[in-house]
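Take a look at the letters that make up each chain.
Protein chains: 2
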Amino acid sequence: MFDPQDNVFMLPGPVKIHRRVLDAMSVPSMAHRSEHFKAVNEELRELLKYLFQTDYDVALFSGSGTAAVEASVSNLLRKGDKVLNLANGKFGERLNELSKVFADPTLLKFDWGKSMDLGALEKAMASGKYRAVTLCHNETSTGVTNPAKEIGQIVKKHGAFFILDGITSVGGIPVHPKEYGADVVIFGSQKCVGAPAGLAGICVSPEALAAMYDDTSYYLNIKKHVKKLKEGDTPWTPAIPLFLAMREALRMLKEEGIENRLEKTRQLAEATRAGVEALGLQLYPDPKIASNTLTAINYPEGIKDKEFRNMLRDRYGVIIAGAQDSIKGKVFRIGHMGMCSWTDLVATFGAIEATLSRMDYKFEKGASVAEIVKRM
Amino acid sequence: MFDPQDNVFMLPGPVKIHRRVLDAMSVPSMAHRSEHFKAVNEELRELLKYLFQTDYDVALFSGSGTAAVEASVSNLLRKGDKVLNLANGKFGERLNELSKVFADPTLLKFDWGKSMDLGALEKAMASGKYRAVTLCHNETSTGVTNPAKEIGQIVKKHGAFFILDGITSVGGIPVHPKEYGADVVIFGSQKCVGAPAGLAGICVSPEALAAMYDDTSYYLNIKKHVKKLKEGDTPWTPAIPLFLAMREALRMLKEEGIENRLEKTRQLAEATRAGVEALGLQLYPDPKIASNTLTAINYPEGIKDKEFRNMLRDRYGVIIAGAQDSIKGKVFRIGHMGMCSWTDLVATFGAIEATLSRMDYKFEKGASVAEIVKRM
Numbered sequence: 023m024f025d026p027q028d029n030v031f032m033l034p035g036p037v038k039i040h041r042r043v044l045d046a047m048s049v050p051s052m053a054h055r056s057e058h059f060k061a062v063n064e065e066l067r068e069l070l071k072y073l074f075q076t077d078y079d080v081a082l083f084s085g086s087g088t089a090a091v092e093a094s095v096s097n098l099l100r101k102g103d104k105v106l107n108l109a110n111g112k113f114g115e116r117l118n119e120l121s122k123v124f125a126d127p128t129l130l131k132f133d134w135g136k137s138m139d140l141g142a143l144e145k146a147m148a149s150g151k152y153r154a155v156t157l158c159h160n161e162t163s164t165g166v167t168n169p170a171k172e173i174g175q176i177v178k179k180h181g182a183f184f185i186l187d188g189i190t191s192v193g194g195i196p197v198h199p200k201e202y203g204a205d206v207v208i209f210g211s212q213k214c215v216g217a218p219a220g221l222a223g224i225c226v227s228p229e230a231l232a233a234m235y236d237d238t239s240y241y242l243n244i245k246k247h248v249k250k251l252k253e254g255d256t257p258w259t260p261a262i263p264l265f266l267a268m269r270e271a272l273r274m275l276k277e278e279g280i281e282n283r284l285e286k287t288r289q290l291a292e293a294t295r296a297g298v299e300a301l302g303l304q305l306y307p308d309p310k311i312a313s314n315t316l317t318a319i320n321y322p323e324g325i326k327d328k329e330f331r332n333m334l335r336d337r338y339g340v341i342i343a344g345a346q347d348s349i350k351g352k353v354f355r356i357g358h359m360g361m362c363s364w365t366d367l368v369a370t371f372g373a374i375e376a377t378l379s380r381m382d383y384k385f386e387k388g389a390s391v392a393e394i395v396k397r398m
Numbered sequence: 023m024f025d026p027q028d029n030v031f032m033l034p035g036p037v038k039i040h041r042r043v044l045d046a047m048s049v050p051s052m053a054h055r056s057e058h059f060k061a062v063n064e065e066l067r068e069l070l071k072y073l074f075q076t077d078y079d080v081a082l083f084s085g086s087g088t089a090a091v092e093a094s095v096s097n098l099l100r101k102g103d104k105v106l107n108l109a110n111g112k113f114g115e116r117l118n119e120l121s122k123v124f125a126d127p128t129l130l131k132f133d134w135g136k137s138m139d140l141g142a143l144e145k146a147m148a149s150g151k152y153r154a155v156t157l158c159h160n161e162t163s164t165g166v167t168n169p170a171k172e173i174g175q176i177v178k179k180h181g182a183f184f185i186l187d188g189i190t191s192v193g194g195i196p197v198h199p200k201e202y203g204a205d206v207v208i209f210g211s212q213k214c215v216g217a218p219a220g221l222a223g224i225c226v227s228p229e230a231l232a233a234m235y236d237d238t239s240y241y242l243n244i245k246k247h248v249k250k251l252k253e254g255d256t257p258w259t260p261a262i263p264l265f266l267a268m269r270e271a272l273r274m275l276k277e278e279g280i281e282n283r284l285e286k287t288r289q290l291a292e293a294t295r296a297g298v299e300a301l302g303l304q305l306y307p308d309p310k311i312a313s314n315t316l317t318a319i320n321y322p323e324g325i326k327d328k329e330f331r332n333m334l335r336d337r338y339g340v341i342i343a344g345a346q347d348s349i350k351g352k353v354f355r356i357g358h359m360g361m362c363s364w365t366d367l368v369a370t371f372g373a374i375e376a377t378l379s380r381m382d383y384k385f386e387k388g389a390s391v392a393e394i395v396k397r398m
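Residue numbers (my numbering), protein chains in the order written: chain G, 23 to 398; chain W, 23 to 398.
Just so you know, the hints here were simulated from the structure itself, not pulled from any lab data.
Among the hints, a few may not be true.
Identical copies look the same in the list; a pair holds intra-copy or inter-copy alike.
What the hints assert, rightly or not - Keeping only pairs whose Cα atoms sit at most 27 angstroms apart, straight-line, the calculated DSS-like set for lysine-lysine is:
#1 Lys252 with Lys328
#2 Lys122 with Lys71
#3 Lys112 with Lys249
#4 Lys71 with Lys249
#5 Lys112 with Lys326
#6 Lys286 with Lys122
#7 Lys151 with Lys179
#8 Lys71 with Lys178
#9 Lys151 with Lys249
#10 Lys350 with Lys249
#11 Lys276 with Lys350
#12 Lys131 with Lys71
#13 Lys179 with Lys136
#14 Lys101 with Lys122
#15 Lys250 with Lys384
#16 Lys310 with Lys350
#17 Lys104 with Lys145
#18 Lys245 with Lys60
#19 Lys328 with Lys384
#20 Lys245 with Lys122
#21 Lys104 with Lys387
#22 Lys310 with Lys396
#23 Lys384 with Lys60
#24 Lys250 with Lys352
#25 Lys246 with Lys122
#26 Lys387 with Lys250
#27 Lys352 with Lys60
#28 Lys60 with Lys249
#29 Lys151 with Lys122
#30 Lys326 with Lys60
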């Protein structure tokens, strides 16, 4: 049985939440229009700029990552505006679905888990008809990191706006908004920053902010959010406990140092990939583009998804993810972002070895754990 | 200085949060796509129907009350559709502002704090051009409860949809969706149910659900939310801690019994009004339509808003609200909804008496507190 208070929680988001962050929510009475909360908002604004490593304006929405993606699309585009959506996984495709509601989208689709063909992007952009291009930087569905910088350079060359869904990259994989030509970058609270689910934020370039429509959104109006946050306020009632939690999570990120967090995340990812290889297993995506915030792994023949993950959970208290859509049952995914620790990782591989043994999968016992320990 | 952990918190929302509700959020690891969370969603669905006292479908949005208002308007209306917005306060007017983004609104405006003229509504509806009518049931800005049932009957007679913003009424003032002809009723988490800010929900009539557009919203798509909640799921990542908190708050509402909660809220309101009279003060709104979830009171001559509320807060730890827009500085507001107790109320009036004495306002000492105690 799953014990929410005691386990090894290795999902690609939501991730485990530190006690300091949980305790920050435990406030019985807090007004959002108060001097007290103004200070929270002001600190959050500075911390968000630190997170994004940018001097661009920032905004924080009371809503999920999808809300912030909608904000980006619905403020920068309207019906009649053409947007090119690049996709090599589920979340890129979702961005295209979302765009249908607010703009006139074209989907440039690539195989799941495979590199995007930048020549195809160049060709599409040559038409000159796109006001914006969207990219899911880190595809959580497939464990792939897409080349945001190279794509951004192509987009910028053609004078379009570049919307970068960094929901599972910001705070885990380097993102440099200006250098990447990214006009809007999105992050989600329950991913690399290690806060609870329910908030999402953006940073936005001055050019994109100036080009945003005033009359295409209300709850998710970016200009209003940016303006209010500059005043230490929010346009609507914020999710107060989540704002307090986010402040604490970002304080912890700053105490650790974002460079250290990124480097630790990279090391955990390399150790994970070494562990996978030692088990005789293969990554689902092209290894050249494997993500550093989560790892997607093909099941070996004969190992059933449900049986494997249930045993991991019920016998060892280790929580990992399956996969979605066409690769459901064929792939499992391990998240190693946010506050994930070396001991979490070695515990996870210990439990994976034990579970695979019990399921009669043949491999060199202890080898994957040894690969982790070697790097700890 | 304000102490978030120890005070008498009497705002018209956010309200004080019970320790059981706060503790429910303290879960370090919880996946939203899990059997565990499916049970949370299933229980929430039943509890929401209990809250709304309805068999209509329900949905819960990760967002503020404004998000749920936007959901109602943007799913039921599109550009070209005419909507009539009734307003006798700030939140009614906000609904009109919001409608401008998604539909073609007409504002039928009445004086703040005064009754709506139902003859004017009849006359407007006779044009037959409105697809929907919106009403802010309980105007938090002015402390007024509008006659939802009577208005709903007029709206229904003319075959329009009726959107009822019950953000500060549902759970505090009787609301009967079907009897009132209300097609969508909205509630906010940080009001009468005593949960933290950041969630809002609706119930929706079968007719309205069937008439909703599929392509006018994404994050706030009501059909998707209703369908997913029936499966124990959410379309996007929910604000996990807030869902857990909402479940606990609604469990507490059910344990108390909604009839008891409504009756207690009514008694607290009557006691508040008696206390106000004993102080020689006057309600801001027409007393015939004064709200039972909050009370708006005119400042007597010579009492400065900031000085009064700062002394209440800093000397006695009592938090009440000022007012907004044109009545800012002229009116103060006391919330008495949710888990507000008799001892909270008597403490508040004790502090108000002490503060008014210190500010040299003349009144019969002890009289307002005696009025509260008489009713406890």
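Hint check results:
1. Lys252 with Lys328: Between copies only: 23 angstroms across, 48 angstroms inside.
2. Lys122 with Lys71: Answer is neither: 31 angstroms inside a copy and 33 angstroms across each miss the 27 angstroms cutoff.
3. Lys112 with Lys249: Answer is between; shortest inter-copy Cα gap is 21 angstroms, intra-copy 33 angstroms.
4. Lys71 with Lys249: For Lys71 and Lys249, only the intra-copy Cα distance (15 angstroms) is at most 27 angstroms; the inter-copy one is 38 angstroms.
5. Lys112 with Lys326: within (22 angstroms within a copy, 57 angstroms between copies)
6. Lys286 with Lys122: neither (38 angstroms within a copy, 48 angstroms between copies)
7. Lys151 with Lys179: For Lys151 and Lys179, only the intra-copy Cα distance (13 angstroms) is at most 27 angstroms; the inter-copy one is 49 angstroms.
8. Lys71 with Lys178: Within one copy, since 22 angstroms is at most 27 angstroms while 50 angstroms is not.
9. Lys151 with Lys249: Close neither inside one copy (31 angstroms) nor across copies (37 angstroms); limit 27 angstroms.
10. Lys350 with Lys249: Cα proximity of Lys350 and Lys249: across copies only (22 angstroms, versus 43 angstroms in one copy).
11. Lys276 with Lys350: Classified as neither: same-chain Cα gap 37 angstroms, cross-chain 39 angstroms, threshold 27 angstroms.
12. Lys131 with Lys71: For Lys131 and Lys71, the Cα distance exceeds 27 angstroms both inside one copy (32 angstroms) and across copies (42 angstroms).
13. Lys179 with Lys136: Only inside one copy: Lys179 and Lys136 sit 24 angstroms apart there, 59 angstroms across copies, limit 27 angstroms.
14. Lys101 with Lys122: Answer is both; intra-copy 9 angstroms and inter-copy 17 angstroms each pass.
15. Lys250 with Lys384: This pair counts as neither: shortest intra-copy Cα distance 59 angstroms, inter-copy 40 angstroms.
16. Lys310 with Lys350: For Lys310 and Lys350, the Cα distance is within 27 angstroms only inside one copy (23 angstroms; across copies 61 angstroms).
17. Lys104 with Lys145: Intra 15 angstroms, inter 44 angstroms, cutoff 27 angstroms: intra-copy only.
18. Lys245 with Lys60: within (19 angstroms within a copy, 36 angstroms between copies)
19. Lys328 with Lys384: within (19 angstroms within a copy, 74 angstroms between copies)
20. Lys245 with Lys122: Cα proximity of Lys245 and Lys122: in one copy and across copies (22 angstroms, 17 angstroms).
21. Lys104 with Lys387: neither (54 angstroms within a copy, 70 angstroms between copies)
22. Lys310 with Lys396: within (22 angstroms within a copy, 76 angstroms between copies)
23. Lys384 with Lys60: Neither, since 58 angstroms and 35 angstroms both go past 27 angstroms.
24. Lys250 with Lys352: Between. Shortest inter-copy distance 25 angstroms satisfies the 27 angstroms Cα cut-off; intra-copy 46 angstroms does not.
25. Lys246 with Lys122: Close inside one copy (24 angstroms) and across copies (16 angstroms); limit 27 angstroms.
26. Lys387 with Lys250: Close neither inside one copy (57 angstroms) nor across copies (43 angstroms); limit 27 angstroms.
27. Lys352 with Lys60: between (48 angstroms within a copy, 23 angstroms between copies)
28. Lys60 with Lys249: within (14 angstroms within a copy, 38 angstroms between copies)
29. Lys151 with Lys122: within (16 angstroms within a copy, 29 angstroms between copies)
30. Lys326 with Lys60: The answer is between: 22 angstroms across copies meets 27 angstroms, while 51 angstroms in one copy does not.
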